[in-house]
Every structure is written in C-alpha cells, then in structure tokens.
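Trainee: Single-letter residue listing:
4 protein chains.
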Amino acid sequence: MYPPGMTTVTVWNEYRHERENDEVREVYPDGIHAALANALEERGHDVRTATLDEPEHGLSEDALDATDVLVWWGHKAHDEVDDEVAARVQEHVLDGMGLLVLHSGHFSKVFKGLMGTTCDLKWRAVGERERLWVVNPSHPIVDGVSEYVELPQAEMYGEPFGIPEPDELVFTSWFEGGEVFRSGCCFYRGAGRIFYFRPGHETFPIYHRDDVLGVIDNAVSWAAPTHGATTTVGNVPDPIEPLE
Amino acid sequence: MYPPGMTTVTVWNEYRHERENDEVREVYPDGIHAALANALEERGHDVRTATLDEPEHGLSEDALDATDVLVWWGHKAHDEVDDEVAARVQEHVLDGMGLLVLHSGHFSKVFKGLMGTTCDLKWRAVGERERLWVVNPSHPIVDGVSEYVELPQAEMYGEPFGIPEPDELVFTSWFEGGEVFRSGCCFYRGAGRIFYFRPGHETFPIYHRDDVLGVIDNAVSWAAPTHGATTTVGNVPDPIEPLE
Amino acid sequence: MYPPGMTTVTVWNEYRHERENDEVREVYPDGIHAALANALEERGHDVRTATLDEPEHGLSEDALDATDVLVWWGHKAHDEVDDEVAARVQEHVLDGMGLLVLHSGHFSKVFKGLMGTTCDLKWRAVGERERLWVVNPSHPIVDGVSEYVELPQAEMYGEPFGIPEPDELVFTSWFEGGEVFRSGCCFYRGAGRIFYFRPGHETFPIYHRDDVLGVIDNAVSWAAPTHGATTTVGNVPDPIEPLE
Amino acid sequence: MYPPGMTTVTVWNEYRHERENDEVREVYPDGIHAALANALEERGHDVRTATLDEPEHGLSEDALDATDVLVWWGHKAHDEVDDEVAARVQEHVLDGMGLLVLHSGHFSKVFKGLMGTTCDLKWRAVGERERLWVVNPSHPIVDGVSEYVELPQAEMYGEPFGIPEPDELVFTSWFEGGEVFRSGCCFYRGAGRIFYFRPGHETFPIYHRDDVLGVIDNAVSWAAPTHGATTTVGNVPDPIEPLE
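Protein chains in written order, with my numbering: chain A, 12 to 255; chain B, 12 to 255; chain C, 12 to 255; chain D, 12 to 255.
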C-alpha cells in the first residue's frame, strides 16, 4: 500500500542568490537546487530540478504531472512567481502531489495560498545556534534522527508563526538568542501532504549536513502520494435511498 | 475576559435571488440579510447589513473595522465579489474579526482563500430531510440545542467536503437520500475564528427557524474577538539572550 | 523507511459468543479471530491469534513483544480482561505497537484506558442499513475503497461518541434509522497508532466481506510501527548550554 | 451564553512539602493552595481548597458537584491519591468540570488517566531561566499576556512530553540550558476542558507572580463549564426513520 518504488521529486529554486552573490555561490556553486537534488538522488529518489527563470518557472502542467513531491526554495523573489503558476502548483498539491516548503519558502505564494494565513514570523540573521527538538518521536519524518538536530549557525525564526495549527507538529526549535519556533509542521490539504521544514540558509551550509538531508529524505517519502478512495463531487441528482 | 457586552455584526448578502425570483422573494421579502439581521438583533446583537451591489460591496475598511463578526451569504455571484474586497475580508479575519459562512458560501472567494482548499462537495436539490447531529455536545455553539436539528426540506450537501480538517467539528448531517456531511465546522485562523454552518437555502424557509437561528446566535458569540496576547513579527535584530 | 516487509499481527478475540450461541457459530464457526486471521494471512501478513480464556489472555510480554499490530474484538466480557493485562497492552501501544479496535471493542478496558474518556455511544440492534462514507479520501486506510462501504444489515452506533477528537477522521456512517457516527477514527498515542473501526457484528457476516477486510488490511499496514527518533526521558542533570 | 457570573473553584494541593520543608514553608507559609486560592479570590472567583490528608482528599461527590473548575497541584505523593477518588475526578471532568493541572501534576493519576499516555518528560532542577512563548496569540488564556512570560529561575521540563497532541497549544517554553517544552496545552475531553500549565515550583516563588497568576485566572474562566447540547447515550430501540 505504502509508496513503494521510486519517488519522483522536483526541486524548485529561485536560483538568484547563487548567481548574484559570491558568498552564496561559494556554499552552493551550482545552486541550492543542485545540492538538494544530488542529496536526494543519492538517497534513492528520481530527481529533476526547476528554477524561476525557466519558462513557466519549469513548472508546466506536464512537469507537475510527472512530480510526486515538489521541494520549494524561494527567498527574495517570491513576487516574481507568476500567479497562474502558483495556482497550478496549489491545485496539484490538492490533487495529491506532496510539497516540502523549506526555510524562507514560508513567504512563497504557494505556501501562503495553501495555508490561507499570513505565514509571518520574527527573524534575526546573526548566525546563532539552533537546536531542533523532536516533539513527535514516533513520526516517520524523524526516523533515524537523534533527540535533536543542532545547527551551529542559523538565522533565527521566532513565534508567533502565522499558520493554521499544524495537523502534526514534529520539530520545535530552540534558539541561542532566546526564541522558540515550530520548525517542522505537517499539513494535510485535499489529497496532498505538506511539510514545512525551517532549516536552510543561503550562506550557512545547512543543506550539506547529513542530519538535515536525512529529514528531507524522510519527508519526501512521507509526502509521496498514496492511493486513497475514489470519490466524486458535484451534482448527484439521484438519491441513493428512496425519499418519502 | 470573555466577550461580554454587545457584539457588532455585519450580515452580508449577495441579494440577487430575492430581487430576481418570486419564489425566493416570498420567503425572504427583504432579503436573507434582513431576516438574519432581525433575528440577531432580537437576540441582543448590534447588527448592520451589506450587500454585493453597494460600493465596495458594503465592506469598506471602515465597515470592517467596526465589525466584530461578519456573516456571509452568497450563492450565484461569487465571481462578482471583487478580489481586493475578498482579500480585505480575509485580512480582517486574520486580524481577529469573526466569520460565519453559511450554506453555499462554502464556494465564496473569502472562504476558499482562508481554507486554501477546493471547498467542493456533492449536492442535490430535491428537498429531502436533513438531521444535523451534534457530535461535540459540550461546545458553546450548541448551547440549548437538542441532540439534533431536523430540517424537513433541505438541499443535500455530501462528502467529501474539500476543507482542511476542522479544528473543532460540531455537527454532522444525515440526509434522507443516503449521504452524510460535516455541517458545523470551526476553524482558528490567525487571531480570527471561523464557523461554517451548512443549513440555509433561498426557498426553504430555514432562516425562519428558531433552532437554526439559535445556533447562529451562539456562533456569533463564539466567533466574537477576545483579547489575546500582544505580539510582534518582523525583524528583531537584538537577541534577548547574550550570544556566545 | 515505511513498513515494508511483513507485519506481524495478533488477532485477539473474547471467543465466547461463538462457543455459546448457535447463530453466531454458524457465521464464525472457528471464531471471529479465525476469520480475521485467515483474511489477513491471505493479504500477506504474518498472523497469530489469542483469546480471553488462554493464560494471560494469550497476551504475555513475549507475545506482545512479537506483535507489530494487535487487532481487538471484545463484546460481552470486557470486565473479565485482567487489569494487569489491559495495562500491559496499553503500555505496548505507547511503546509503538499498532492497535485496531473493532466494533464493540469501543468499551474494552484497553481502548477506554488509551482514550481517557467514556467511549459511550447510542446503539440499536435491529439490522438496518449502514453506509460508511469516506471523509478523508487521501488517507492510506481507504486505499482501494469506493466512496462508501454499504452494509445491508448492521447494528446502529450513534453520536455522541465519547472519544477525544480523532487525530484523523476517515469514515462517517449513515444509518437507515436516522443516525450518524464517526466510524473510522485514527489516534496517535505515544509511539503507537490506533484505529477504531466500527463495522463488525457477531451474527451479521461483516468480516466475510472483501471491502471491510480490505480496510482492515490497510489499517494494519498504517498502524505498523515505523522507526522514529531516539529519545530519552527522566532526569538530565547537566544542561546542554552553559548557564549564567 | 458564555460563563458569566462567578466561577466556583476548588484548589487542590498535596500540602506535604510546605509542612515538612522549611525552605518551601518560607515561600508558601500556608501552602501553595492558599497562595493560589487568595490570588483567584482577588480576581473574582469563588474559591475553596482541598488537600490530600482530608477525608476523601477533600474531593467528595458533593465537593466536586459544587466545583466549576478544579486546580491540581501534586508532586511527591501522587501514589497516595486513592484510585476511587482519582476516577471520580476523571468522571466529573468528562461530565463538564474544568481542570487545571499545574507543573508536576503532569504525573498525577488524574492527568494520566485523562490522557491515556505516559505523561513523562525530561527534567532538571538547577534553577535556570525559562521563557514561555505564546504560540497562539488569539487564545483567551493569554489575554493580557505579553509575547512571553519570563521566569528567572525554574525547574526545566523538556521534550518529548508524553501526551496526546494538544487540541490547542498555547505556550512553548525556552530553557536557558537548551531545551524546549510544550508548556501550555488545552485538551477537550467529554464535556470538560483541561489546561496543563507548566510553571510552578515549591521553592521558586512562581505563584506569587502577577503574570503567572493572570494566566491561571484566564484559564479558570476558559475551563468553566458552558451549557451545550442535551444528549443521550445507550440503547435507542426505535429508529427515528422508518426502516425498509
């Protein structure tokens, strides 16, 4: 029943920082998408990438039809994502495609559209320590994780995080500077599963860490579509039972 | 602490059916909004109304600022609601304004925007019996209700209902024709509370019933804003704790 | 990551009706446990059975240690289950063993202990039609199910069902006599997953139906333990961070 | 509709530390119950107290019948609470009595019985700084609270906290030593509302703080019973609808 076989993943990236900023390019020479794609391929997934500056941002109907799980990284160009493409992605998620939203993707059109809320938060970029505590140890997304994941240098995100109450809360972060944050959040929307995962940054080398990539790998498997029931909506003129 | 005093309610209505269709006008001669407004005034709320064909649909910033709880009825003209006004209503809900979405309002821009999902369902309009069972008997919204509310003639709405899992499920409907439906659903979004309540129709005189109006009265009180914590979002450059 | 390989299932049954009552014996000549065990074996699980009148009810520490998922059928002898054994089962569930509670098992010591609530409900045994509607079509438990499962003759269970709000609601039942019921309910408790599934009866041949057995098969796979994070509890005298 | 008028509160305390230990007596000379009772009385509630060494622990049927909200402090003598009294309290909660469980009460028979889980956690008693962040700013329990409550010296409680996913999560704690904890948790059980609130200690003077007492005051109002629907359970031999 469960998602056996290979999961087809599309890693989407704005891909701007890496081309415009030397410091970022040094950490992710081929872009954040390439780093994530390589890591997921090594872990057995079938991966392609897509970026903002491709036609339709690389997210055509065909591309999405061929995607089990979409991984989303965006940061400074959320507004440049076409409304129609954002709506298309949202529709595919509701039809069953999995979605992983990473770090600053909390402010993407796609995530805000699916949540219906502000998705706002506190932030501070001084490179402090973060410790992501597992608060739901039995969740498949934390398979193989220790009690916590510790990041020596991270951008702080703090509460209140403007999201609906997660359907499952997996991680809560502790920050050296004194804040906390719900940093691993599961949502069920339509036939799709969504995981928001906080870690990530364009200059701190967080997506080169085995523990972080292991969680992303697990989350891809968790979010992969499963078959469910066959249902219909719309007008059903004939009652099943005889009426009086 | 709790919402004592008077709650200020705005009842919003498309107000089309009642002007265009004799059968509807007979049931709601001054419009559905007038029937609901009178009922809520009699029950102690401070009520005004607004309709689609007023400037800004009667939902200017000032009007929403003065509203504790907005009641929404729409059916055949969802598309004519201006995107900007729909976004404004959504923002006010996230800032704390309560929202009651009635019957066919499940397909309004405002509700779909706040849910992030299709909000689709099955339907059949043959006038069959509906019984709304209370599944959360301790909820303040069902204060004074018996085990169920029975409607002799109703339009059927059937599962699957394309919404996020409600934060609290209060009613589930049984239909004579053989279907079931989650017909009273609470959602917390930002600082606002949302209640979706299924009963209502433009020709069945459902909003003249004391039991249905009693639930709507309770839901208005439940959705009225309460004071909460004072919080901030955005950049907080200085850590609370000293960093290493 | 997900539960591949074989799931080890223990089907537990009171096994009283079938030995004491001819009508029941005719439907389940070797007991309800045998019918369920055969069906789950045919569907690829590794199954053993246990019954009330065995020593320790067949649920010794060793037996539970060797069980991935426990299926529970009880009806008229809930009180005869030893408190210590019930507590042992509860502990194993919290440590990760899956649990399927069927039909009248809602009133078992094990289920009531895990829920903390009355688990009470309405009931009527006249053999009326039941239709279990899928309300969460994307859930793995309803893989392969149509929009609903229809049982021509069933005992009615009606709301209010005295349980905590399910973590995931999968089925809601319609009954010919006019009631509704949350009939497929998922709960996460500790490291364990629990599924309450309403269908079943000692004289209506419900566990000979392919659609019902298909759901039970799916639920076994869903409830099978997955690896999660490694965690500790208890006293941790040394702080991770230096204190002021 | 909402709980206007006076709420009747019973503050329950083990009342052992305060009589046996000079350090504790200095902080709470008349017992923790007296400190809490005075504070709640000053805030407009009608308060009585009860302690472990009274007959039936001061929690007779009559005493509970007269209680809207029970506040529970226990620490070192959980085992001395009579099973029958614990079951009685649990039953009253399911029938609608509110319950506030403070600090080490997480390990009381009453709380464990209502949760059905281990209720275990990490702990460290070295007097470090705790900061309780509001994660649900619109919740009535945090009315009047700032973004966080800061305690200069507290016992640490750390995740994983062995509870069911709270129905509403209000506070998450940051600890100086590096841990996090879900420190304000709402649960709906039967007709009753339960709030677990972490702050409190027998030697740190936490229940003399205005901010902590303000939250407890709010929580008492939130947990006070509201009228809901009238329902029945048990056998209903006659169907509402005619059967085929």
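Keep in mind that the hints are not guaranteed to be accurate.
The list makes no distinction among identical chains, and a pair is therefore deemed to hold if it is satisfied within one copy or across any two copies.
In silico EDC-like cross-links for lysine to aspartate or glutamate, where the CA-CA straight-line distance does not exceed 20 angstroms [unchecked claim]: (1) LYS120 <-> GLU67; (2) LYS87 <-> GLU31; (3) LYS123 <-> ASP94; (4) LYS120 <-> GLU95; (5) LYS87 <-> GLU158; (6) LYS120 <-> ASP64; (7) LYS87 <-> GLU67; (8) LYS87 <-> GLU37; (9) LYS87 <-> GLU72; (10) LYS87 <-> GLU179; (11) LYS120 <-> GLU102; (12) LYS120 <-> ASP41; (13) LYS120 <-> ASP33; (14) LYS123 <-> GLU34.
These are computed hints drawn from the structure, not numbers from a lab.
Trainee: Taking the hints in turn, state whether each one holds.
Mentor: Cross-check of the supplied hints:
{"no.": "1", "hint": "LYS120 <-> GLU67", "result": "within (15 angstroms within a copy, 25 angstroms between copies)"}
{"no.": "2", "hint": "LYS87 <-> GLU31", "result": "within (12 angstroms within a copy, 49 angstroms between copies)"}
{"no.": "3", "hint": "LYS123 <-> ASP94", "result": "both (12 angstroms within a copy, 16 angstroms between copies)"}
{"no.": "4", "hint": "LYS120 <-> GLU95", "result": "both (10 angstroms within a copy, 16 angstroms between copies)"}
{"no.": "5", "hint": "LYS87 <-> GLU158", "result": "neither (33 angstroms within a copy, 28 angstroms between copies)"}
{"no.": "6", "hint": "LYS120 <-> ASP64", "result": "within (16 angstroms within a copy, 30 angstroms between copies)"}
{"no.": "7", "hint": "LYS87 <-> GLU67", "result": "within (18 angstroms within a copy, 33 angstroms between copies)"}
{"no.": "8", "hint": "LYS87 <-> GLU37", "result": "within (19 angstroms within a copy, 56 angstroms between copies)"}
{"no.": "9", "hint": "LYS87 <-> GLU72", "result": "neither (25 angstroms within a copy, 30 angstroms between copies)"}
{"no.": "10", "hint": "LYS87 <-> GLU179", "result": "neither (28 angstroms within a copy, 33 angstroms between copies)"}
{"no.": "11", "hint": "LYS120 <-> GLU102", "result": "both (13 angstroms within a copy, 15 angstroms between copies)"}
{"no.": "12", "hint": "LYS120 <-> ASP41", "result": "neither (25 angstroms within a copy, 41 angstroms between copies)"}
{"no.": "13", "hint": "LYS120 <-> ASP33", "result": "neither (27 angstroms within a copy, 44 angstroms between copies)"}
{"no.": "14", "hint": "LYS123 <-> GLU34", "result": "neither (29 angstroms within a copy, 41 angstroms between copies)"}
Against the hints set out earlier in the document, violations occur for numbers 5, 9, 10, 12, 13, 14.
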